[in-house]
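K.L.:
Going line by line, the protein sequences match chains A and B. Numbering-wise (our numbering), the first sequence opens with residue 1 and increments by one. Numbering-wise (our numbering), the second sequence opens with residue 1 and increments by one.
If you're looking for bench data, these hints aren't it; they were derived computationally from the structure. Hints may contain errors.
Some but not every residue of chain A turned toward chain B, in silico, with C-beta under 8 Å [to be verified]:
#1 LYS299
#2 VAL335
#3 LEU346
#4 SER348
#5 TRP350
#6 GLY352
#7 ASP353
#8 ILE354
#9 THR401
For each residue, glycine too, the CB sits at the ideal point set by N, CA and C.
There are 2 protein chains.
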Amino acid sequence: MSTTVSPLAPKKFTRMPAVDGVRMVTAEAGIKYKNRTDLLLMVFDEGTEVAGVFTRSKCPSAPVDLCRENLSGGTARVLVVNSGNANAFTGKKGRAATSATAQAAAAAVGCQTSEVFLASTGVIGEPLDAGKFTHLLKDMAGSAEADFWAEAGKAIMTTDTYPKYATATVRLGDANVTINGIAKGAGMIAPDMATMLSFVVTDAPISASALQEMLSAGTKGTFNAVTVDSDTSTSDTLLLFATGAAARNGAQKITDARDPRLMQFRRALNRILKNLALQVVRDGEGARKQVEVTVTGAKSARSAKKVALSIANSPLVKTAVAGEDANWGRVVMAVGKAGEPADRDLLSIWFGDIRVAREGERDPDYSEDATSDYMKRDEIAIRVDLGLGRGKATVWTCDLTKAYVEINGDYRS
Amino acid sequence: MSTTVSPLAPKKFTRMPAVDGVRMVTAEAGIKYKNRTDLLLMVFDEGTEVAGVFTRSKCPSAPVDLCRENLSGGTARVLVVNSGNANAFTGKKGRAATSATAQAAAAAVGCQTSEVFLASTGVIGEPLDAGKFTHLLKDMAGSAEADFWAEAGKAIMTTDTYPKYATATVRLGDANVTINGIAKGAGMIAPDMATMLSFVVTDAPISASALQEMLSAGTKGTFNAVTVDSDTSTSDTLLLFATGAAARNGAQKITDARDPRLMQFRRALNRILKNLALQVVRDGEGARKQVEVTVTGAKSARSAKKVALSIANSPLVKTAVAGEDANWGRVVMAVGKAGEPADRDLLSIWFGDIRVAREGERDPDYSEDATSDYMKRDEIAIRVDLGLGRGKATVWTCDLTKAYVEINGDYRS
Numbered sequence: 001m002s003t004t005v006s007p008l009a010p011k012k013f014t015r016m017p018a019v020d021g022v023r024m025v026t027a028e029a030g031i032k033y034k035n036r037t038d039l040l041l042m043v044f045d046e047g048t049e050v051a052g053v054f055t056r057s058k059c060p061s062a063p064v065d066l067c068r069e070n071l072s073g074g075t076a077r078v079l080v081v082n083s084g085n086a087n088a089f090t091g092k093k094g095r096a097a098t099s100a101t102a103q104a105a106a107a108a109v110g111c112q113t114s115e116v117f118l119a120s121t122g123v124i125g126e127p128l129d130a131g132k133f134t135h136l137l138k139d140m141a142g143s144a145e146a147d148f149w150a151e152a153g154k155a156i157m158t159t160d161t162y163p164k165y166a167t168a169t170v171r172l173g174d175a176n177v178t179i180n181g182i183a184k185g186a187g188m189i190a191p192d193m194a195t196m197l198s199f200v201v202t203d204a205p206i207s208a209s210a211l212q213e214m215l216s217a218g219t220k221g222t223f224n225a226v227t228v229d230s231d232t233s234t235s236d237t238l239l240l241f242a243t244g245a246a247a248r249n250g251a252q253k254i255t256d257a258r259d260p261r262l263m264q265f266r267r268a269l270n271r272i273l274k275n276l277a278l279q280v281v282r283d284g285e286g287a288r289k290q291v292e293v294t295v296t297g298a299k300s301a302r303s304a305k306k307v308a309l310s311i312a313n314s315p316l317v318k319t320a321v322a323g324e325d326a327n328w329g330r331v332v333m334a335v336g337k338a339g340e341p342a343d344r345d346l347l348s349i350w351f352g353d354i355r356v357a358r359e360g361e362r363d364p365d366y367s368e369d370a371t372s373d374y375m376k377r378d379e380i381a382i383r384v385d386l387g388l389g390r391g392k393a394t395v396w397t398c399d400l401t402k403a404y405v406e407i408n409g410d411y412r413s
Numbered sequence: 001m002s003t004t005v006s007p008l009a010p011k012k013f014t015r016m017p018a019v020d021g022v023r024m025v026t027a028e029a030g031i032k033y034k035n036r037t038d039l040l041l042m043v044f045d046e047g048t049e050v051a052g053v054f055t056r057s058k059c060p061s062a063p064v065d066l067c068r069e070n071l072s073g074g075t076a077r078v079l080v081v082n083s084g085n086a087n088a089f090t091g092k093k094g095r096a097a098t099s100a101t102a103q104a105a106a107a108a109v110g111c112q113t114s115e116v117f118l119a120s121t122g123v124i125g126e127p128l129d130a131g132k133f134t135h136l137l138k139d140m141a142g143s144a145e146a147d148f149w150a151e152a153g154k155a156i157m158t159t160d161t162y163p164k165y166a167t168a169t170v171r172l173g174d175a176n177v178t179i180n181g182i183a184k185g186a187g188m189i190a191p192d193m194a195t196m197l198s199f200v201v202t203d204a205p206i207s208a209s210a211l212q213e214m215l216s217a218g219t220k221g222t223f224n225a226v227t228v229d230s231d232t233s234t235s236d237t238l239l240l241f242a243t244g245a246a247a248r249n250g251a252q253k254i255t256d257a258r259d260p261r262l263m264q265f266r267r268a269l270n271r272i273l274k275n276l277a278l279q280v281v282r283d284g285e286g287a288r289k290q291v292e293v294t295v296t297g298a299k300s301a302r303s304a305k306k307v308a309l310s311i312a313n314s315p316l317v318k319t320a321v322a323g324e325d326a327n328w329g330r331v332v333m334a335v336g337k338a339g340e341p342a343d344r345d346l347l348s349i350w351f352g353d354i355r356v357a358r359e360g361e362r363d364p365d366y367s368e369d370a371t372s373d374y375m376k377r378d379e380i381a382i383r384v385d386l387g388l389g390r391g392k393a394t395v396w397t398c399d400l401t402k403a404y405v406e407i408n409g410d411y412r413s
């Protein structure tokens, strides 16, 4: 959508291999955008298992409701994603649209409606006219291809400035398995857009329950540890599909998330989730810098994460980073407002490797010049030690620039 | 500090009458600013009682620590306020500075150090050199005047674009009593500044405990119901002093906050607190519009306030208001992320008197033109009915503009 690519975009293109057991296809359905694809269909082999993590919003979109419901079955045959309209806050019309789409998709691939998964991203509050694309699904299913990931990543974009890909191939027991993931922008993107979507597919034969356990655990330190502006989408959806096709190459079925054979797989999955989550942050609206916030010495990991998010969500910290100002006073402020145990006189704060404050005062060795140089970088690390315990957490965000306000304030006047 | 006065500043000047029992004086101590006053001394008659409400930050400033300690005595003889340095996150040096100031102030007016109250506002993390002004206090105390409120309001400003005053004269039993209040900018103001200060003085003879009860209750719907950017200062201080001097005009001493004779006084106090709190919001950094957010139909008043603050603190809602865009989808998002009970399909949303959504969908009668006209106003009201219960709450904020980022992002590069 955007003509200017984020300065934090990946420097090189990620070549995505095919993943056995999934084929995909995109179309220009004209839901809202012109001259670009806005519809993605993924068709999975029989026996594909699925896990998912969704927004915590109390006002989720209609497709989120449908995915939650179908997830209990544990199997997936088809995923339909549209961009341009989020089908959120659309009342009964929203449910009618998901129902019509699920029926058309099930008929197109010959499966139960309970094996259909849906995601929509775009404008909130506008009814989604499923009639614009339900008639396309049958033909699309027929022409789906395995080597189509690059196009899939593009069709789900809204105001993202670049498509987001990650891939890994690892050993699972005696066989190689592949994990591919795509994502689109961090919730809170641009006018009326409010959705983070990510779809990860592997050919590994892993049961839905084991997938769910790994996905839920893996989300904590990745997708649930990034924030652009603290605003939570109605539509956030992360789905993990396992086609099981690698069984044909000798991979053995795994049904327990604690199975030691999953060690490499789990690491690769977490790496992919983190990679995609960071790409989302780096494409935050108006982002010019990536900010990593680490809190150590908290009473607990939960407490550390709360303090870290308080820092990462603080408009004053984020504007200071935008201004390349190592403003540790604002970091203290954000620690103080988190409401978690903290003792002013035990606090230490670093920007990168430079300690700017210790024991509740400015570090006597602090050099303004060295810090100013550090703040010019693209990637800024802020570390706070609370000096109270062993709890730690890391979260990621971006800076808050005038471009954020420009993108999100429609400025009609 | 600022050369451009907020477009939301009061249109006419508030003439502040004297309050019997308090005299004040200001000075140019050169703490940070040049060519302006930065020190305020208020001297109270013997018998003055005091109440206070402070920041909830876990990392409060040294003056907040001192005020909290002295509040237990219930009596006040002198208040010293400096601007230019917040004496926050200054470690042992911070406590040494408050201690030296308290001793000098007590000697200047002839009272106990436990009857001294202090507030500092300005840069965080820089040691405050109390030696710049402790030697001035004795002479200042000698030249303090009753009719000096206009100057008092100016000396405490940091990046405020206008001084903030409010006054009321009401009946207390058979006598007239006066309440005067001044305030300075909403926490979170401009580079390194992070303090909301307000001082309210009355000549009414009211006990410290009754004052405290009224002040704590009055703060809930006023100073604790405004937000500029969700960031919480290390230094927020609101003090209420009652000199009791009106007893000379026949006002009777009141020691119980539930005393029916306090009815008019309590209303006037709440009006003053609200007036000052709204002036603070209207002087929020870069503010172009005041936003009132009312949530009704919540499960409880507490729940309503949490949802209202979630809306008022949402960067996406605030940028939409800046852009004069009645973006109710973002209001739904903010309701959803609050984590409080909410049912998408029962939500109704108004901008002013215009209902834009009902029962979880866009209102069929919604007119984009009428709403666009409404959004051009200086004061925007957003109302959300959750349709679940009888809990309600109102909070106030301002819009989020590019000027906010400009003021808070140092943009050194």
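K.L.:
With reference to the structure, classify each hint as holding or not holding.
P.N.:
Structure-based check of all given hints:
1. LYS299: violated, 12 Å
2. VAL335: holds, 6 Å
3. LEU346: With Cβ-Cβ at 10 Å, over 8 Å, it is violated.
4. SER348: violated, 12 Å
5. TRP350: violated, 15 Å
6. GLY352: At about 16 Å, which exceeds the 8 Å cut-off, the nearest Cβ of chain B leaves the hint on GLY352 of chain A violated.
7. ASP353: Violated: closest Cβ of chain B sits about 20 Å from ASP353 of chain A, beyond 8 Å.
8. ILE354: With a minimum Cβ separation of about 15 Å from chain B (threshold 8 Å), the hint on ILE354 of chain A is violated.
9. THR401: holds, 6 Å
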